[in-house]
Amino acid sequence: MAAAEEASRPFAGLSDVSISEDIPVEGDISVPVASSRRDEEFSTLDEPVKETILRDLRAVGNKFIHVLYPKRSSALLRDWDLWGPLLLCVTLALLLQGGAADSDDQGGPQFAEVFVIIWFGSIIITLNSKLLGGTISFFQSLCVLGYCIMPLTAAMAVCRIVLIGGSGTVSFAVRLVVVTASFGWSTFASTAFLADSQPPNRKALVVYPVFLFYFVIGWMILTFSPSQ
Amino acid sequence: MASPDDLQFQEFEEAAELLSADPGASTLSMSASNNTTTATAAAAAAGGGGGGGGEDVKLDLSEDEEGQEESSELLGGQKATGGFWTFEYYQSFFNVDTMQVLDRVKGSVMPLPGRNFIKHHLRNNPDLYGPFWICVTLVFSVAISGNLSTFLSKMGDPAYHYRPQFHRVTIAAVVIFMYAWLVPIGVWGFLTWRQGNERQIGGYSFLETVCVYGYSLFIYIPTSVLWIIPYEWLRWTLILVAMAISGSVLVLTFWPVVRDDTKVMAVATVATIVVLHMLLAIGCKLYFFQTGVLLPTPATDPTTPPIHTTLSTQRH
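Chains as they are written, first to last, in our numbering: chain A, 62 to 289; chain B, 11 to 326.
One chain only, chain B, in its complex shape:
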């Protein structure tokens, strides 16, 4: 059996190591991270299935890499071991190292065109650590920075007495966690429904959607800290930059999935994602970083106010 062994060494290194240790083990075509567990489990279960193991190996190698990706995509959301009532089920969502989390954060801050966040950084190992702790950090950074900016803007006022405004933490927590969980549910449900008619392989699992949304919120943490600086033009510049970066992470992730749909639906979906993201950013800025100025009127059009006043005087 020379040729299967050759192909084995080229493509399935982990499986090759395990097979060299136990030639009788049968291999299954599952995602890469499950190779160890399934191969060892199969080795333990089927001790001497030499001929059967060889046939299984043949079946694996006959599928090309796209097929391997296809099965791993379908099983992307089913990597979890055990039922949802066991602890190991949730432990599979925290299977990340420090370097992996840092790499994903870097990928969310520097989106390059052509680099799909889910394909390039998550690689079928979505985690819940990043989204959860990024949301918690964002909640506290927005509340604390908002409090500091209010204090700095009113520092000269002798009638002002500093207040911690702790209720903002609760409001920020509700808003950010609802955004980070309800919007991915909506997006994932919508995309799955659109793809339900045709059997498409490009869909993302629910966990991957939550993951990309969570990591895309990371850029707002340094932005909210920089918003303490009390210059309006700087704040608007920062918010535009942050929206551009995190919006592009989301667009680059969801465009390849959506572009197979009709043109109208594709553009509408991506536009909705971007608009919701913008609403979150602008809403946070307006609520937490009030500087006593009213809602920003368009400063680029100074002719509108006089027209309004003349109209009103004419009516009266």
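So that you can see chain A by itself, here it is in the shape it has in the complex:
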């Protein structure tokens, strides 16, 4: 009310002047249209399903590339997601099937055992790093540990291909080299992401469980023997 009175005072002398229709009246009293356009951009309800899936796949692929070239970037940490780790875990567990006599309990790990080791192992390592005073969040750490299994999954695929050719000493030597290299790569990649979040006098305490985790997964991959 006061604002309207203040606005009308400079025009007090013009109160008797009528406004012709030639003079365009400019101004916008309604709500600006741009805001509804902004809402439409964030609302993904109407977009086609293909776009939704592709967006998530692109995010996952982006993180795979970050693992391939581990730099100290925060992209992996900022936009964490657990799709990639789930994909890798299921792939690795499936590749570890078909080993020597699955029904026999003397064989390799069952699907559930691989799943449990990977997920409970990641959870325990994350809890360990948080209890030691780490600043990384729970799901960010799970995301990093899961994505860094990628080199080991690739090694598993290579091992299965090598085993098609035969399972002698030469194939064992090749598999050993491949698994060792990918184990080192995984450990190096995950420590590149995780080490910064720890207090400096406890870094080794946090890195050792990660080392043990990837060592056990590498062991499972190396001892995979096909049924004959």
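Be aware that one or more of the hints could be misleading.
To be verified - From the structure, some residues in chain A lie toward chain B, with a derived Cβ separation under 10 Å:
no.: 1; residue: S228
no.: 2; residue: Y269
no.: 3; residue: L273
no.: 4; residue: V277
Stated by the list, open to error - Interface residues of chain B toward chain A, partial, derived using beta-carbon atoms under 10 Å:
no.: 5; residue: F97
no.: 6; residue: N105
no.: 7; residue: M109
no.: 8; residue: I154
no.: 9; residue: Y172
no.: 10; residue: T180
Hints listed in this document are in silico derivations from the structure and should not be mistaken for laboratory results. Because the structure is a prediction, the values reported are computed rather than measured. Note that beta-carbon positions come from the ideal geometry of N, C-alpha and C, so glycine has one too.
Go by the hints and put chain B onto chain A.
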């Protein structure tokens, strides 16, 4: 107030620093690691209690060091802040640095007579990091080494087909974690019950018992790796050495507590601890490192088998 200040500088360095920063702060007689938190909390709470603070300081200094140890012993198990449902409660069990963990591991591998592991190495800061990760490492090292030794012993056999034997990991995990948790519960419960009648200050808290048991298992990790070498005499030598070292860590820790009891109970307690430890080691060796040989018969007494056979033939 000259004399309390002098004594203060000699004995309570941390408290002295904080008191020099805030002379009005009241101090409490708690264990050393809590001095910072309680002193700062008290300083924040009681701003201008100059006279009261002085009296509190006097009370602290009137107790000698044994009294300080006594209160810290009683509060050894109650260092945790917050209730058991908060995260900080569990964080207090992981309050160790890399160098501290390495020092404790060294102390478990080289037990010197007279050096109580709990008093010398733990120093009222028991942690759960060491016991837990040592147990996990031991589980995997025993399972993997057992698998490797089976493979090496049967390598020449053409009918043998390598198997990962992954079920051994589950069995090893169950056995080792049960040993590392149930036996300390039993030992701690038994010792607390024995001391319940008289008010003794030498008891260990539950966490310290778990801690010493966990660290005493460390020597078995390199031992299990060395067991891959397929010589029986070497394996038995290694297991005897490992049992001697880790058994002596446990004995040196628990003997000072138990020796005040009656002679029979003291010896029985220590003997039970040692026997359980031996059972774990020998059980692991026999199950995970089978080389196709039956249970080891006493090779030092070759006359017994013929006697048995003659007896059996006589009966029939």
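Hint by hint, here is what the structure shows:
{"no.": "1", "hint": "S228", "result": "holds, 9 Å"}
{"no.": "2", "hint": "Y269", "result": "holds, 7 Å"}
{"no.": "3", "hint": "L273", "result": "holds, 6 Å"}
{"no.": "4", "hint": "V277", "result": "holds, 6 Å"}
{"no.": "5", "hint": "F97", "result": "holds, 8 Å"}
{"no.": "6", "hint": "N105", "result": "holds, 9 Å"}
{"no.": "7", "hint": "M109", "result": "holds, 7 Å"}
{"no.": "8", "hint": "I154", "result": "holds, 6 Å"}
{"no.": "9", "hint": "Y172", "result": "holds, 5 Å"}
{"no.": "10", "hint": "T180", "result": "holds, 8 Å"}
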